[in-house]
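One-letter residues, chain by chain:
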Amino acid sequence: MKLTLKVWRQQDPTSPGKFVTYEARDIIPEMSFLEMLDEVNEGLLARGEEPIAFDSDCREGICGTCSMVINGLPHGGQKATTACQLHMRLFTDGETITIEPWRARAFPVVRDLVVDRSAFDRIIQAGGFVSVFTGGTPDANLIPIGKPDADLAMDAAQCIGCGACVAACKNASAMLFVAAKVSHLGILPQGRVEKDRRVLRMVQAMDKEGFGSCTVTGSCEAVCPKEISLRFIARMNRDYSVSLLKGGE
Amino acid sequence: MNTSNSRCNSSLGKKYVMAITGLALFGFVIGHMVGNLQIFLGKEVLNAYGAFLKSKPLLLWGARLGLLATVSFHVWAAIRLTQENRAARPVRYAVTKPIGASYASRTMLMSGLIVASFIVYHLLHFTMGGLDPELLTFLDEAGRHDVYRMVVVGFSTLRVSIFYLVGMALLCMHLSHGVSALFQSLGLKTGVFGGWIDGFAKISAIVIFAGNCSIPMAVMCGFLK
Numbered sequence: 033m034k035l036t037l038k039v040w041r042q043q044d045p046t047s048p049g050k051f052v053t054y055e056a057r058d059i060i061p062e063m064s065f066l067e068m069l070d071e072v073n074e075g076l077l078a079r080g081e082e083p084i085a086f087d088s089d090c091r092e093g094i095c096g097t098c099s100m101v102i103n104g105l106p107h108g109g110q111k112a113t114t115a116c117q118l119h120m121r122l123f124t125d126g127e128t129i130t131i132e133p134w135r136a137r138a139f140p141v142v143r144d145l146v147v148d149r150s151a152f153d154r155i156i157q158a159g160g161f162v163s164v165f166t167g168g169t170p171d172a173n174l175i176p177i178g179k180p181d182a183d184l185a186m187d188a189a190q191c192i193g194c195g196a197c198v199a200a201c202k203n204a205s206a207m208l209f210v211a212a213k214v215s216h217l218g219i220l221p222q223g224r225v226e227k228d229r230r231v232l233r234m235v236q237a238m239d240k241e242g243f244g245s246c247t248v249t250g251s252c253e254a255v256c257p258k259e260i261s262l263r264f265i266a267r268m269n270r271d272y273s274v275s276l277l278k279g280g281e
Numbered sequence: 002m003n004t005s006n007s008r009c010n011s012s013l014g015k016k017y018v019m020a021i022t023g024l025a026l027f028g029f030v031i032g033h034m035v036g037n038l039q040i041f042l043g044k045e046v047l048n049a050y051g052a053f054l055k056s057k058p059l060l061l062w063g064a065r066l067g068l069l070a071t072v073s074f075h076v077w078a079a080i081r082l083t084q085e086n087r088a089a090r091p092v093r094y095a096v097t098k099p100i101g102a103s104y105a106s107r108t109m110l111m112s113g114l115i116v117a118s119f120i121v122y123h124l125l126h127f128t129m130g131g132l133d134p135e136l137l138t139f140l141d142e143a144g145r146h147d148v149y150r151m152v153v154v155g156f157s158t159l160r161v162s163i164f165y166l167v168g169m170a171l172l173c174m175h176l177s178h179g180v181s182a183l184f185q186s187l188g189l190k191t192g193v194f195g196g197w198i199d200g201f202a203k204i205s206a207i208v209i210f211a212g213n214c215s216i217p218m219a220v221m222c223g224f225l226k
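In order, the protein sequence lines correspond to chains A and B. Quick note on my numbering: the first sequence kicks off at 33 and runs consecutively. Quick note on my numbering: the second sequence kicks off at 2 and runs consecutively.
It is possible that some hints are incorrect.
What the hints assert, rightly or not - In silico DSSO-like pairs for lysine-lysine, Cα to Cα no more than 27 Å straight-line:
1. Lys-258(A) x Lys-98(B)
2. Lys-227(A) x Lys-179(A)
3. Lys-44(B) x Lys-226(B)
4. Lys-258(A) x Lys-179(A)
5. Lys-111(A) x Lys-202(A)
6. Lys-50(A) x Lys-98(B)
7. Lys-34(A) x Lys-111(A)
8. Lys-203(B) x Lys-202(A)
9. Lys-38(A) x Lys-50(A)
10. Lys-44(B) x Lys-55(B)
11. Lys-240(A) x Lys-278(A)
12. Lys-98(B) x Lys-38(A)
13. Lys-202(A) x Lys-98(B)
14. Lys-55(B) x Lys-226(B)
15. Lys-34(A) x Lys-98(B)
16. Lys-98(B) x Lys-203(B)
17. Lys-38(A) x Lys-202(A)
18. Lys-57(B) x Lys-44(B)
19. Lys-50(A) x Lys-34(A)
20. Lys-258(A) x Lys-240(A)
21. Lys-111(A) x Lys-98(B)
Simulated from the structure, these hints should not be mistaken for lab results. Remember, predicted model here, so these are calculated numbers, not experimental data.
Please take these sequences and the hints and turn them into a complete structure.
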């Protein structure tokens, strides 16, 4: 396969970036999108040019590190797929592919396609601790949890914090991410002790980072590689109002 | 807790304001439509309804001021949220695709602005008589304001009726997303009836469109005269 890539190149957070066009030759359809970029970077290195900087880690779709908007869609828009699991067979020979970093005030560009997602870490930190019994090792399954609750909590816990929800949202809102994190702890008895305080603090941290608000378009849910549902946002909206009515923390 | 004020001023707090005022305005739109549909029961019923509303000035002005306040809060929250949402993405994408997002959901600001200007026009037209002062001077046999004749004369101009149809189309597009989103924002779009809300929003938008448009359409067709 032969492809034309239009890639966002930016030296550092403060310099202005621009799109640079590259030719990608001898691309095998079985390659993943990141392997294709590796191939392009090999060519750039051989010519003595700076390779394209992009984030990646596990390359098996579970870490949430790879982050790029491919032809206007975070992770390329294939259902329930991260960019590392996206394959070149989905593209057509001769196609022009535009690759951009996540765009959000809260995710400043570090270099090229790499953005700083530590805003998510700070939201998680704002969530605080979960109270647990210390002492002797507890028996397994000591706390009974209904199957529906366990399933729902696991659905929320699938979030890998990649930020595609923010990247896809027209408001750069982090509601799906925060809702998933609030829900996966709030649904389980272990996380229920600090539930009210947690939702208030995490929403406050989210607003402080400069993410937008939710206008319920559903773009986040459509691009989420872990298919986190919008119903978690509804759940967080309810948890937040209940917590407010109780008088907060 | 910091202060309840800062919590209510959070992004979620403003969404609650948006949702609660939106729900109130949705209720008004339905009540307004049901009241107006009495035109199909004849001149006597509609004029009596008009006279009834005018006979309770405290209630009428209470409702009007309440609506004005509700609209003000709705618009205030919309402006603040839009400003914050725009600031959240200072650099735009070169390529965008609206995946998973309906047209109505992406154009709430525009449909809202057009509906707001439609409401101003509608008030000038039938409440204040700013466009044609004669409309408010019609009297029926019983000496009451002839609402029936006002509506028929008001809608007998083609371009006015068409403008009303366009206004209703945008209002109903706004509602088809807004009614569903307000339940989401209030955290009520969960559980058993969560799945019904999208359908409820779309059906209510269609019913409101059909109900309200039936009046200018009936006048244009000569059914009401």
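The hints, checked one at a time:
no.: 1; hint: Lys-258(A) x Lys-98(B); in the structure: holds (20 Å)
no.: 2; hint: Lys-227(A) x Lys-179(A); in the structure: holds (20 Å)
no.: 3; hint: Lys-44(B) x Lys-226(B); in the structure: holds (10 Å)
no.: 4; hint: Lys-258(A) x Lys-179(A); in the structure: holds (20 Å)
no.: 5; hint: Lys-111(A) x Lys-202(A); in the structure: holds (19 Å)
no.: 6; hint: Lys-50(A) x Lys-98(B); in the structure: holds (20 Å)
no.: 7; hint: Lys-34(A) x Lys-111(A); in the structure: holds (25 Å)
no.: 8; hint: Lys-203(B) x Lys-202(A); in the structure: holds (23 Å)
no.: 9; hint: Lys-38(A) x Lys-50(A); in the structure: holds (10 Å)
no.: 10; hint: Lys-44(B) x Lys-55(B); in the structure: holds (16 Å)
no.: 11; hint: Lys-240(A) x Lys-278(A); in the structure: holds (23 Å)
no.: 12; hint: Lys-98(B) x Lys-38(A); in the structure: holds (17 Å)
no.: 13; hint: Lys-202(A) x Lys-98(B); in the structure: holds (10 Å)
no.: 14; hint: Lys-55(B) x Lys-226(B); in the structure: holds (24 Å)
no.: 15; hint: Lys-34(A) x Lys-98(B); in the structure: holds (24 Å)
no.: 16; hint: Lys-98(B) x Lys-203(B); in the structure: holds (24 Å)
no.: 17; hint: Lys-38(A) x Lys-202(A); in the structure: holds (22 Å)
no.: 18; hint: Lys-57(B) x Lys-44(B); in the structure: holds (21 Å)
no.: 19; hint: Lys-50(A) x Lys-34(A); in the structure: holds (23 Å)
no.: 20; hint: Lys-258(A) x Lys-240(A); in the structure: holds (26 Å)
no.: 21; hint: Lys-111(A) x Lys-98(B); in the structure: holds (14 Å)
Violation of the numbered hints given earlier is absent; every hint is satisfied by the structure.
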